[in-house]
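Student: Listed below are the residues making up each chain.
2 protein chains.
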Amino acid sequence: MRYSQLFAKTSKTAPHDADSANARLLVQGGYTSQLAAGIYTYLPLGLRVLDKIKNVIREEMNALGAQEVLMPALTPKEPWTTTGRWDEIDVLFKLEGHGGKEYALGSTHEEIVTPLVQQFVKSYKDLPTSVYQIQDKFRNEPRAKSGLLRGREFSMKDMYSFHLTEADFEEYYERAKEAYFNVYRRCGLEALIVEASGGAFSKFSHEFQVLTESGEDLVFHCTCGFAQNKEIAEVKEGDTCPKCGEGTIKADKAIEVGNIFPLKSRFTDAFDFKVAGPDGKPQSVLMGCYGIGPSRVMGTIVEVHHDDKGIVWPRGAAPFDIHVVSIGGKDPDKVLAAAEELVKDIEGCGLEVLWDDRDAPPGEKFADADLIGIPLRLIVSEKTLAKDAVEWKERGSEKTDLLPKNDLLDAVRAWVGLRVA
Amino acid sequence: MRYSQLFAKTSKTAPHDADSANARLLVQGGYTSQLAAGIYTYLPLGLRVLDKIKNVIREEMNALGAQEVLMPALTPKEPWTTTGRWDEIDVLFKLEGHGGKEYALGSTHEEIVTPLVQQFVKSYKDLPTSVYQIQDKFRNEPRAKSGLLRGREFSMKDMYSFHLTEADFEEYYERAKEAYFNVYRRCGLEALIVEASGGAFSKFSHEFQVLTESGEDLVFHCTCGFAQNKEIAEVKEGDTCPKCGEGTIKADKAIEVGNIFPLKSRFTDAFDFKVAGPDGKPQSVLMGCYGIGPSRVMGTIVEVHHDDKGIVWPRGAAPFDIHVVSIGGKDPDKVLAAAEELVKDIEGCGLEVLWDDRDAPPGEKFADADLIGIPLRLIVSEKTLAKDAVEWKERGSEKTDLLPKNDLLDAVRAWVGLRVA
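Same order as they appear, the protein sequences are chains A and B. Using this note's numbering, you'd call the opening residue of the first sequence number 8 and step up by one each time. Using this note's numbering, you'd call the opening residue of the second sequence number 8 and step up by one each time.
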């Protein structure tokens, strides 16, 4: 992709109301545009990042054996009254259609998925089963804030699993935890698994929290793996860890990037979703739910991976693999031709390239590349061409290497391979 | 994919309220599940089809040079009042959030895209530009009907182009027509381009109509290419064609599967979106919009391509390339092992296979395969194994061929290649 042709460019000025690094840097980098509080448009660069994160999640959910479906956002009132949540969920957007028909915009989909799965699960032999969707959700937030972290419309991967026995549920729940860690690792995030409230019907649920100063949650944790969120914490900072008996509890701010929840039969009972067990007797179906918000993951990555110049994307979430910057000179056409050839060669390896082909000063191009934050930058100029080489610079590092063009494709392949692994 | 593990299966009984072939067959085939009038869940098979159609559209829009963005569904009232359409669009779903803030669910996105593009287009040198999104839209339909054809929530690809001159707009508009024809051809639809009303600000717009008895539109057309919809028709059935002067006008029912619209400066003027032209004088930006609904295309394909047994998917929209049916016998394990090997070999060629691996009577499997409607079926049984062969049956044809296993992969590759071309 030629940067000159890219729709939506970087901006030197920060939005006046940006209350967080992601709100500021995603707009300045040309990734998002704010339409209203908590409501964003994804520009071409931003949609590329969002889709990469969605695909990482999709691959990990498919590997778990879950199957993708797509439920509507516009949902009728009836199933919400069946579970009692029409009045219980205070952030539910409600609206009325022709004939006084009442709807809610889905902020979660237990009310939709439970009767859906009930349609198709007729016997214990059809269990376990799990489905997920990646779809936009809506929350009537009193105060949207922090860019993509707390929005009124946001993308969500919500998975729901259905089981005959507690043991089967627990086995799946553990496997889901591993899948979640895979997602975060591939997106360049280190997440802690943290005990959280299980609501009225389960002892615990679990949150995945990324420690960062800009987080609005507070996590009490020990190096042994013990971690609780502040709502349920039985410890305070400096306490000896109740789990390992050795470590000292630390308290850190964090962003919640996912949660998984044992729902027991809270929703299946509401819809009278029972199956005949092996003994012929009707049994409540047990259920779990598992959420990750791709847009929130995107915002969190920016909170964690940026410097004073802009975003520093981890490889798995970058909009392009490589940013080629060509620097004109006395013979700009010669440099452009060499850069074009380089871009073709790299794209021929199956890699994605953003090429800054503009007629602009080097300083402006480098500042834009810093804002955009693609992890690997290759610079082509008269100086490098004279040495039959290319400058290699990794985002976030001050070091620049001169690499012979002959070695370049192998080096790029190895680098991308390393970062993917 | 093993059919035994697929979430959501076929159903022998038609939904009681199905008012159209697509409403009935998509539910019976296990593609969709109706949540409320005009609101559907896409089951795994249905989501595969929907995504294939979206990807065909995406490829053709990218080839036009348009760039993909993603705008929100939840949109604030202000831009709708700016254009006067808050009160003008009668199907706009309206809702209220915290603090009395009013929103509309986007039924179209001129109000959002125009100020968005205005942010980034500062000079005539930034024109032309075009962006599109593939996103769910909402319409407060008084009467949702015909399955995926007239829904309250539905997927839409909406593209918007921006131009400095009428000539530049017209050139793009013609190229967009070709891209649209490519989409329909690849989805197995024959579309007519039909003149339609241009509203208050343009002489004509154009609709793409697929002739079929189940359509709710009426198109007057001649073999020479002349075609008008009933709202603007200056002819009646049996008239001599006013364009070629030779053909006779026919009137046929049709489904609208897309429309393209010269918007002139209707929306850009409302937002005072002007650029300085080459002469330095401010000039109104001209705009076009271009819509195709992937879910409506999906419904239309089913209306056109089905028989009394079920759907007959065209290759470009089928959920899988090939349906392998294994038929047990005296030694079912032997047949299953052979089928598994066959499936692996075909998947090794990069093709997608649905394998009916159930322990079920052949008649049931064939009836389900007919309902599902994958275009090519391969049958493995003790009878075919004894001849070291596989039965080859194309959906919609009564003919079955016996094909030696050695020739199979070449034949499958050639068949898929043929259907794609």
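Calculated from the structure, these hints are not laboratory results. It cannot be assumed that every hint is accurate.
Copies of the same chain look alike in the list, so a pair counts if it works inside one copy or between any two.
[As the list claims (entries may be wrong)] No farther apart than 27 Å at their CA atoms in a straight line, the calculated lysine-lysine pairs in the DSS-like style are these:
hint, residue 1, residue 2
1, K288, K16
2, K316, K129
3, K132, K394
4, K257, K16
5, K84, K101
6, K84, K108
7, K400, K288
8, K108, K152
9, K84, K250
10, K84, K337
11, K61, K210
12, K108, K271
13, K210, K237
14, K243, K412
15, K84, K281
16, K129, K19
17, K394, K16
18, K132, K341
19, K152, K412
20, K101, K152
Only a predicted model underlies this, so the values are computations on that prediction, with no experimental measurement involved.
Student: For every hint, state whether the structure bears it out.
Tutor: Cross-check of the supplied hints:
Within a single copy, K288 and K16 get their C-alpha atoms only as close as 63 Å, which misses the 27 Å cut-off; across copies the closest is 24 Å, which meets it. Proximity of K316 to K129 under the C-alpha cut-off of 27 Å is restricted to the inter-copy arrangement: shortest distance 25 Å between copies versus 57 Å within a copy. In this assembly of identical chains, K132 and K394 lie within 27 Å of each other by CA distance neither inside one copy nor across copies; the values are 68 Å within and 35 Å between. When the C-alpha separation of K257 and K16 is checked against a cutoff of 27 Å, the pair qualifies neither within a copy, at 42 Å, nor between copies, at 51 Å.
Taking CA atoms no more than 27 Å apart as the test, K84 paired with K101 passes in both settings, with 9 Å inside one copy and 16 Å between copies. In this assembly of identical chains, K84 and K108 lie within 27 Å of each other by CA distance both inside one copy and across copies; the values are 8 Å within and 22 Å between. In this homomeric assembly, K400 and K288 never come within 27 Å of each other (Cα to Cα): the closest approach is 66 Å inside a single copy and 43 Å across copies. Taking the shortest alpha-carbon separations for K108 and K152, only the inter-copy value of 16 Å comes in at or below 27 Å, while the best intra-copy value is 32 Å.
Taking CA atoms no more than 27 Å apart as the test, K84 paired with K250 passes in neither setting, with 45 Å inside one copy and 53 Å between copies. Taking the shortest alpha-carbon separations for K84 and K337, neither the intra-copy value of 68 Å nor the inter-copy value of 53 Å comes in at or below 27 Å. With identical chains, the CA atoms of K61 and K210 are never at most 27 Å apart, being 30 Å at best within one copy and 43 Å at best between copies. Proximity of K108 to K271 under the C-alpha cut-off of 27 Å is found in neither arrangement, the shortest distances being 31 Å within a copy and 37 Å between copies.
In this assembly of identical chains, the alpha carbons of K210 and K237 lie at most 27 Å apart only when taken from the same copy (15 Å versus 64 Å across copies). In this homomeric assembly, K243 and K412 never come within 27 Å of each other (Cα to Cα): the closest approach is 57 Å inside a single copy and 69 Å across copies. Proximity of K84 to K281 under the C-alpha cut-off of 27 Å is restricted to the intra-copy arrangement: shortest distance 23 Å within a copy versus 45 Å between copies. In this assembly of identical chains, the alpha carbons of K129 and K19 lie at most 27 Å apart only when taken from different copies (15 Å versus 59 Å within one copy).
Proximity of K394 to K16 under the C-alpha cut-off of 27 Å is found in neither arrangement, the shortest distances being 32 Å within a copy and 64 Å between copies. Proximity of K132 and K341 under a CA criterion of 27 Å is satisfied inter-copy only: 24 Å between copies versus 68 Å inside one chain copy. In this assembly of identical chains, the alpha carbons of K152 and K412 never lie at most 27 Å apart, being 47 Å within a copy and 61 Å across copies at closest. Taking the shortest Cα distances, K101 and K152 sit within 27 Å of each other both inside one copy (21 Å) and across copies (23 Å).
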